[in-house]
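Residue numbers (the working numbering), protein chains in the order written: chain A, 1098 to 1528; chain B, 202 to 645; chain C, -12 to 267; chain D, 235 to 621.
Rather than coming from a laboratory, the hints here were simulated on the basis of the structure.
All values derive from a computational prediction rather than experimental measurement.
Don't take every hint at face value.
[Claimed, not checked] Computed far set for chain C versus chain D, every beta-carbon distance over 12 Å: (1) M29; (2) H68; (3) D148; (4) I165; (5) G259.
[Stated by the list, open to error] Some chain C residues close to chain D (C-beta under 7 Å, calculated; not the full set): (6) Y70; (7) S71; (8) M72; (9) V108; (10) Y131.
[To be verified] With a straight-line cut-off of 25 Å between C-alpha atoms, the simulated DSS-like cross-links for lysine-lysine are: (11) A/K1183 <-> C/K202; (12) C/K197 <-> A/K1203; (13) A/K1260 <-> D/K394; (14) B/K486 <-> A/K1523; (15) D/K354 <-> A/K1451; (16) D/K370 <-> A/K1268; (17) C/K225 <-> A/K1172; (18) B/K447 <-> A/K1523; (19) A/K1285 <-> D/K370; (20) B/K486 <-> A/K1393; (21) B/K447 <-> A/K1374; (22) C/K107 <-> D/K617; (23) D/K374 <-> A/K1260.
Note that the Cβ used here is the ideal one computed from N, Cα and C, for glycine as well.
Each chain is listed here by its residues.
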Amino acid sequence: MSVKEQASTVAEKEDSMWKQKEMINENYELLSTANERGQKVASTFVPGNINELLMCFDFARNFPETNALQNAMRKKSGGMIMEAEKIGHSEDVCTYVKADLGMMMKGNKGPTGLPMPDPDLLMLSYTGCFTFMKWFELVREQYPKCETAMLHVPYQADGNITKNMRDYVVKQLKEDIIPTMERVSGVKFDIDRLREYMIQSQKAEDDLVYVLQSAKNKPSPIDAYFGGVYYIGPIFTAFRGTTAATDYYATLRKEIEARVAAGLGPITPEGVMKEEKYRIVVEGPPNWTHFREFWKMFYDEGAVVVASTYTKVGGVYDNGFRHDPQNPLESLADYCLGCYTNLNLPARTDMLEKYVEDYQADGLLINSIKSCNSFSAGQLLMLREIEQRTGKPAAFIETDLVDPRYFSPANVKNRLESYFQMISQKRDRAA
Amino acid sequence: MECYIGIDLGSTTTKAVVMDEDYNVMGQGITNSRSNYDIAAGVAKHEALIDTRFMLFRNAMKNVTALGDKYEAFMDELERNFRLEQYLEQLIDLDETCTKASENTRYSEWGSDLSDALSGVFKRVTTEAPELFAPGAQRKSDFFRDIAGSQYSTISEEVAKQAETPFDVLLNIYDRSIIEVENRIYTETTNQNLMRALDRTLVNLPDLAPVASEVRTEVEKVLGIDLEETYVIGTGYGRARLPFSKDHIRSEILCHGLGAHIMYNDTRTVLDIGGQDTKAIQVDKDGIVESFQMNDRCAAGCGRYLGYIADEMNVGLHELGPIAMKSTRKVRINSTCTVFAGAELRDRLSLGENRSDILAGLHRAIILRAMSILSRSGGVHDQFTFTGGVANNEAAVTALRELIKENYGDVTINIDPDSIYTGALGGATFARRAVEGIPTEAVA
Amino acid sequence: MTITAGIDVGTGAVKTTLFKVEGDNIEWLSKRISRIRRRDPMALVNENYEAMLEEAGITKDDVDYVATTGDGENVPFRTGHFYSMTTHARGAVYLADDITAVLDVGALHGRAISIDPLGKVLSYRMTSQCASGSGQFLENIARYLGVSIDEVGDLSQEADDPELVSGICAVLAETDVINMVSRSISTPNILKGIHLSMAGRLVKLLRASKVKEGKVLLTGGLAMDTGMVAAMREEMAKQNLDVPCESSPDSIFAGAVGAALWGAFRFEKLQGLGQLAEAS
Amino acid sequence: MSVQKIVDRCQALYDDLDFTVVKEWKAKEEGRKAIGYMPVYVPREIIHAAGMLPVGVIGGGDQLEVIHGDAYYQSYICRIPRSTIELGVTGRLDCVDGMLFPSICDVIRNLSGMWKLLFKDKYVRYFDAPQTYDDKIGGKFYVQELRELIEGLEELGGKKITEEAIHNSIAVYNENRAVIEDLYAYRSKCPWKALTSEIYLLLFAGMVLPVEEHTQLLRDYLEAVDKEDRPMRDNCRVVLNGTFCERPPLGLIKSIEMAGCYIVDDDFMLVTRWLLEDVPTTGDPVQNLADAFLHHSAETAAKYVDSYEAKGQFIVESVKKYAAEGVVFAAPSFCDPALLDQPMLHTALNDNNIPFTAFQYAENSGQMQPIREQAGTFADSIKLWSA
Ligand SMILES: Nc1ncnc2c1ncn2[C@@H]1O[C@H](COP(=O)(O)OP(=O)(O)O)[C@@H](O)[C@H]1O
Ligand SMILES: Nc1ncnc2c1ncn2[C@@H]1O[C@H](COP(=O)(O)OP(=O)(O)O)[C@@H](O)[C@H]1O
Ligand code: SF4
Ligand code: SF4
Ligand code: SF4
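Pulled out of the complex, with its shape left as it was, chain A reads as follows (with noise of 0.2 Å):
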């Protein structure tokens, strides 16, 4: 089965589904004429994004590290990585950034087969990932009069947003970036808009963690890694702020609360989850390129993933946290500063204790990444502090975001289903 017919499958269970996908087309379509239409276009990074402050200058959104994983599920990613491996780029590196280049040397057409627009602004939200840096620098190469904005968000090194830092965040945002905007786009900054914009990020971020929490249910109406990357995808991307992305939470909240009520489980793309026989908590991004055979690996044991971290990488909510229309600069800075690779080891280990305890889950599985420093580095001390601290056994495979080179079914396979085994050993023994 294809790709997009996986996709079809998901969606035609639930409304919210096709709205997401007419959702992320309509922005590929946006993107393609902006050039056109003269409506200017800010490329950015998915953590620490501030799509509102983009959205009060009208700027179109281009996320390269969507474009990367809807080419990674598309199967185009491997051509792409191999296209930048060409011109020297390192077999060791990120293929984030190799995808992206590719894609601009294999004709810059997006996912969706339409062309992709030259941006106005590289917007680097340097958020949580060294890499970032360096990505912009090389798209930089490529558009050499394209403006550079740097935000540097500093990153929690103790755990917590010192003063220095939220103030340093608001200044480069007050002083530096809102000029550049202005300058770019030739609209002026109006702090009214982007309270507006706000009003909407939070009801919409309401929904979202409504719908992350109801994992807490058993059985768990969502799977939250694999159902939960579609779930976060609006808002991770071009569409916090907008009415289009408050209407799909509203909506995909209601279908889950229908769930809840009837007691279902997830929907997978052969159905309905029959039995939840394992509860897991994940950490690490997943697979793009093998993304389905990689589910089915998962639901085809009973396995449902109750929560996961890679859901919070683009904002962490359910700790409380939301936008704040009276404060609208200090809460753009407090979200990128709250970002999940923003925080330090101990604290992605709390959380991840937290999740284990709260979500009631047999253990945790951590999916490392090849691809990025910034999540695996320490993982695999993070496991063994929380197998100490839960007493739940933890479990490690390997794959990578967009590199289909490095995806081995048989040895993913392989390890979870030991994994699993070895979940239900111990639990026969403790009935």
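Based on the hints, put chains B, C and D with the ligands in the right spot on chain A.
This is chains B, C and D with the ligands only, laid out in the frame that chain A set:
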């Protein structure tokens, strides 16, 4: 007799264990893994059943009181003769297959020289066969492919020097033929071979003449026992390709964990180094797996690495350990890349370093990688059990003992000569339990 | 007139050549190759060298310059050493005309070298640590499949549906191949799959070393493998690298040829400078 | 002192995986403290002003057996964090009372958190630096970061760090930087005398010795080496780039030299050459350090270059300054910053017709043959074809 069988289809070797209904290990069999997994599993199982049969012989012979103190000698002779018969049978097959292969037109330029050379080679290989199975003889391997292969290549190198046929051609004919030969199972002829081995034994041990008929009756009685395959469990790297239903398959982690627990009840940490993977497993007091770690996709530092090294040095796998043990000086080697191991070896040799020292360094490098995986799985807890093929290698064991002591102090280290069968033993135990209706819980 | 010898100590084979150079007049006197196959390379060097001199009917003292390459730094009687890519480039220019790039595929490494018409190395790329694209790997697999090395090329070209190997690691690739056999994939399809996988990586190297026009000469042992040459052509077409790719019957000697010719060049230069004693 | 003696001393410091000199320094006086850091960049002046010994921790090299360290890292992560962890969990770093992790990359950033989890009783600080260089924005943030560092060290040391002390320390480090500048200039003039394999060891000594002693050692070396008669070889001159974070094995440097390249500039242990100008010793010392960082510091892959035009110019300048004939890139395997940066530097070099070659290494690489071959070919091509 009811037989519960565990089959561990590894990347290099396939192992089988036969258990009776009282959880006694009755027989073990091993063969090299090959492209045809069914055959590999079939051969290993067949070998284990033969071993079971020998166990039954042994038990039966104890009843032949007249045998007295000749019991040991008799059993030993019988077993060696059986192996010889088996070997000869395959050799004839190999000879025929090679001869047929040599008739291929692509060798026509060598004409009758080739068939002369070939028959010369086989004549010598056959003549030398009994020596290989003489009392106390050391064989380079247990597998026909390796034993016959090494005989063949040594002899044909000499033959090639005298005749006008290049060594490459002879080698190529062997490579072609061995694949065919090793993909045949010789189940039907087993009993004949046994009887022939018995004949040979009685000839070789004339002292036994007085009890010959009694012995013969006992052997025939045992041959009459039906070994019923009551339940089979498959495990190991190739398990997914075994034609078994899901109920008959267990992950190798669980099997190794349980197998080690069965061998040593107090085991808490298990290390298994096989051909292509290294596993560190923590088990609890009932043999239930608490956590495990495996090497990642890179095959560096696994058993296959030793295989490459042995090839590179033109020695048998068995000889590597003993050579390394002669080392007097420490050499640090960092690269455990299997493929480049040979290059590094040459590099070092050309720098004038001593072969034993380099080999000792290589063994230590392998064990260092294993130590990391152990550390990743949660360290080493008393008691520690080392399993897998590499546990047969004394230099690897020595390095391991040293490093365990340096890093974890005094820990009991268990190494069973049969440790290569650990996974299969776990599998057989699961098979027995499945029939008893015990899901996974330990009984021991 | 300069008599010069080139010695290429590889990981798979030792190659030696003997040349007589007089201005632009280059005469190839003799050549030798021996597969190392677990023998001592230095003994082979001596053996080959002496056999070669005998064939040419000269003595050691007649040789003006002995140039080594590959792992030949330790050959005691060498005059000077040149690095492999330098020598393969020079050798390629000698072996074929209009070459702009050399692809050397030997027992363990692959190297793509882009050169100018005089054999100057402009840029190059080497395969990384992992060895899945190398002669030795192919040789192991061939043995496993019961195919002799000179048969590989023809078989590979019989393939109708080649099966690619995943190829991160030679060891795992070996397992891949065993899996293929177990799935009854035919020998030609397996071999071609390996050729294509290797070619895929090598073409990537070529592209990375910025080859755009002219002609590529394959050197090293795998240049003798017609299946490899065919796979290279296919992959180059697939990856839009629009340049012809050739092999020469003497491709495997490219390093030894280049070494000898550089030796002559240095000899003449040093003789001019009167510094022969220091040549190294 | 003879060159050999000085180099032997440095080699011994290099080989000592137990930081014996640090222990000895601490033992000389009750209450002395040492602070470890990754030698890309931290303001050592402040540690020095606190009366503590800054200790550059740069992995374990190729002689350390990494057992536990590997347990914390996947195979696709570079070497240095694993050997650093190994040093930590085996107690070899017990002699440092705190660790500073400068913002180099995500690996080191996350290592700071791991250190917190593993060594709960130690002072651990991730030392962030701004990637925006406006005095009013990045400058302000950085000054505050420095002040927080000062406060942290004051608390750890139990005494105030005066402005005067910082001024003094700045002066001491200015001096150290000046000698190192001399050393580099000398090597550029006579690369066959001041061999890079020695300079590398000399810089390493600066990681563990008190700065005053190190400055003297360098002076002694310069004096001694000038007197030595060393053979000049027919080598080409190259800039080595990419080694700023993970230490290359000594064998790698020797191999490059043996293959026919004189290294005339490099980015080893950048902390020693991070600030490009003397830091003023009057005025607000913290502000001075911040200014120096923002406006007069070296470029590495770890630092954002805020304009397209400026990217890669630093290395082009270095080639010119040291009259190099080419650049050798040696990046640690799996080092995202260095490896992602390289294509951009390649562009800059191409634009300036500067030849270059590139390969990867790891701190424990044992096989130098491919490296010799690549460096050798590079040298061959410069030598055989230039002029
Ligand atoms: N007698 C022996 N002496 C030394 N090493 C051995 C011996 N037997 C097996 N080995 C080693 O064990 C490895 C195979 O181990 P095994 O546990 O059978 O692996 P797998 O389960 O992956 O097939 C071989 O690669 C070899 O290195
Ligand atoms: N006739 C041939 N056909 C195919 N491959 C060959 C042939 N001769 C040699 N080879 C391959 O070439 C390799 C040796 O190549 P070579 O360039 O000499 O390598 P090296 O320089 O590393 O020794 C051997 O590993 C072998 O696999
Ligand atoms: S390193 Fe990780 S966070 Fe950074 S761009 Fe790559 S995948 Fe994204
Ligand atoms: S070739 Fe070597 S380094 Fe590469 S994956 Fe295989 S064993 Fe590991
Ligand atoms: S070597 Fe590179 S990736 Fe590794 S810690 Fe250093 S800068 Fe980071």
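Outcome of the hint check:
Interface exclusion of C/M29 from chain D stands, the closest Cβ pair being 16 Å apart, more than 12 Å. Once the 12 Å rule is applied to beta carbons, C/H68 is inconsistent with being away from chain D; the minimum gap is 8 Å. Its beta-carbon lying about 33 Å from the closest one in chain D, C/D148 satisfies the requirement of being farther than 12 Å from that chain. At the 12 Å boundary, the C-beta of C/I165 stays outside the reach of chain D, the nearest C-beta of that chain being 23 Å off.
At roughly 15 Å, the least C-beta separation between C/G259 and chain D is larger than 12 Å, which holds for a residue marked as non-interface. With a least beta-carbon distance of about 4 Å to chain D, the hint placing C/Y70 at the interface is held under the 7 Å criterion. Look at C/S71: its Cβ gets to within about 6 Å of chain D, closer than 7 Å, so that hint holds up. Residue-level restraint check for C/M72 holds (minimum Cβ-Cβ distance to chain D is 4 Å; threshold 7 Å).
Interface hint at C/V108: satisfied, since its Cβ lies 4 Å from the closest Cβ of chain D, which is below the 7 Å cut-off. Hint status for C/Y131 relative to chain D: violated, with the closest Cβ pair at about 26 Å, above 7 Å. Pair hint A/K1183 plus C/K202 holds up; C-alpha atoms about 19 Å apart against a cutoff of 25 Å. Distance restraint check for C/K197 and A/K1203: the Cα-Cα separation of roughly 17 Å lies within the 25 Å cut-off, and the hinted pair is therefore satisfied.
Note on A/K1260 and D/K394: the hinted pairing holds, with a Cα-Cα distance of about 23 Å set against a maximum of 25 Å. Annotation: proposed proximity of B/K486 to A/K1523 holds, straight-line Cα distance about 12 Å (limit 25 Å). A hinted pair counts as satisfied when its Cα atoms are at most 25 Å apart, and D/K354 with A/K1451 qualifies at roughly 21 Å. For the suggested pair D/K370 and A/K1268, the alpha carbons sit about 9 Å apart, so the restraint of at most 25 Å is met.
Using a Cα cut-off of 25 Å, the hinted pair C/K225 and A/K1172 holds, with the two alpha carbons roughly 18 Å apart. A C-alpha spacing of about 19 Å is found between B/K447 and A/K1523, which places the hinted pair at or below 25 Å, so the restraint holds. About 23 Å separates the Cα atoms of A/K1285 and D/K370, which keeps this hinted pair within 25 Å; it holds. Distance check on the hinted pair: B/K486 and A/K1393 sit about 34 Å apart at the alpha-carbon level, beyond 25 Å; violated.
Note on B/K447 and A/K1374: the hinted pairing holds, with a Cα-Cα distance of about 17 Å set against a maximum of 25 Å. With a C-alpha separation of about 11 Å, the suggested pairing of C/K107 with D/K617 holds against the 25 Å cut-off. Distance check on the hinted pair: D/K374 and A/K1260 sit about 12 Å apart at the alpha-carbon level, within 25 Å; holds.
Hint violations for this structure: numbers 2, 10 and 20, all remaining hints satisfied.
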